[in-house]
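Trainee: In case you want the letters, here they are:
There are 2 protein chains.
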Amino acid sequence: MGILSFFRSSSKSSASVAKERLQIVVAHQRRENQRPDYFLSLQRDLLEVVRRYVTVSDDAVKVEVDHQGDCDILELNIVLPDR
Amino acid sequence: MGILSFFRSSSKSSASVAKERLQIVVAHQRRENQRPDYFLSLQRDLLEVVRRYVTVSDDAVKVEVDHQGDCDILELNIVLPDR
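Listed in order, the protein sequences are those of chains V and X.
Residues in the first sequence are numbered from 16 upward in steps of one, following the working numbering.
Residues in the second sequence are numbered from 16 upward in steps of one, following the working numbering.
No lab work stands behind these hints, which were simulated from the structure alone.
C-beta: ideal position from N, C-alpha, C; glycine also.
There may be inaccurate statements among the hints.
Stated by the list, open to error - Rough simulated footprint, nothing fancy, chain X against chain V, three-plus residues with beta-carbon under 8 Å:
no., stretch
1, 37–43
2, 52–58
Said to hold, decoys possible - Interface residues of chain V toward chain X, partial, derived using beta-carbon atoms under 8 Å:
no., residue
3, Ala33
4, Arg46
5, Leu61
6, Val64
7, Arg67
8, Tyr68
Here chain V stands alone, though its shape is the one from the complex:
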């Protein structure tokens, strides 16, 4: 799922109860045929950083990891709580 499609797909069906959303995409283009081994740790650390600014419950986070050619992509889709 690409950047912003997370927003588009969800905003249509629930316009009356629109949620705030945060999406973080990390893409690493490799030179060599090696997957970055830090994605799992990075994912944890990124969430920790986001939590400094907004409240995020564990079940509000959807994580996807994708590989496209020589590119590894980590995607965090977060539904923010009502304020």
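Use these hints to put chain X onto chain V, whose structure you have.
Mentor: What follows is chain X alone, placed relative to chain V:
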């Protein structure tokens, strides 16, 4: 500049000296007409996290902030050093 276009645009012209690249995109869809005030701090903190895993010099980072409709987008484009 969208996700992955950073990679595409740069990889063609310098295939012989291909660099590793990292792109981080943060998109915040707002419910109200308020820009998130934490983007600048978030940008600093995200870079700090990435630096735990890869070496990033200050001049290797290009930052873009964009607004599309009710969506604020922070983009960090990082050229990783040769290993």
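Trainee: With 8 Å as the cut and Cβ atoms as the points, is Leu61(V) at the interface with chain X?
Mentor: Result: holds, 6 Å to nearest chain X Cβ.
Trainee: Restraint: Tyr68(V) near chain X, CB-CB cut 8 Å. Satisfied or not?
Mentor: holds (4 Å)
Trainee: When I compare C-beta atoms, does the stretch 37–43 of chain V have three or more residues closer than 8 Å to chain X?
Mentor: With 7 residues in contact (Cβ-Cβ under 8 Å with chain X), the coverage given for the stretch 37–43 of chain V holds.
Trainee: Given Val64(V) was flagged as interface, is its beta-carbon under 8 Å from a beta-carbon of chain X?
Mentor: holds (5 Å)
Trainee: Is the interface hint satisfied for Ala33(V)? The criterion is a beta-carbon contact with chain X at less than 8 Å.
Mentor: holds (5 Å)
Trainee: Identify whether the interface hint at Arg67(V) stands, where standing means a beta carbon of chain X within less than 8 Å of its own.
Mentor: holds (7 Å)
Trainee: Can you tell me if the stretch 52–58 of chain V counts as covered by chain X, using C-beta to C-beta distances under 8 Å and a minimum of three residues?
Mentor: holds (count 3)
Trainee: Is the interface hint satisfied for Arg46(V)? The criterion is a beta-carbon contact with chain X at less than 8 Å.
Mentor: holds (5 Å)
Hint check: no violations occur; every hint is consistent with the structure.
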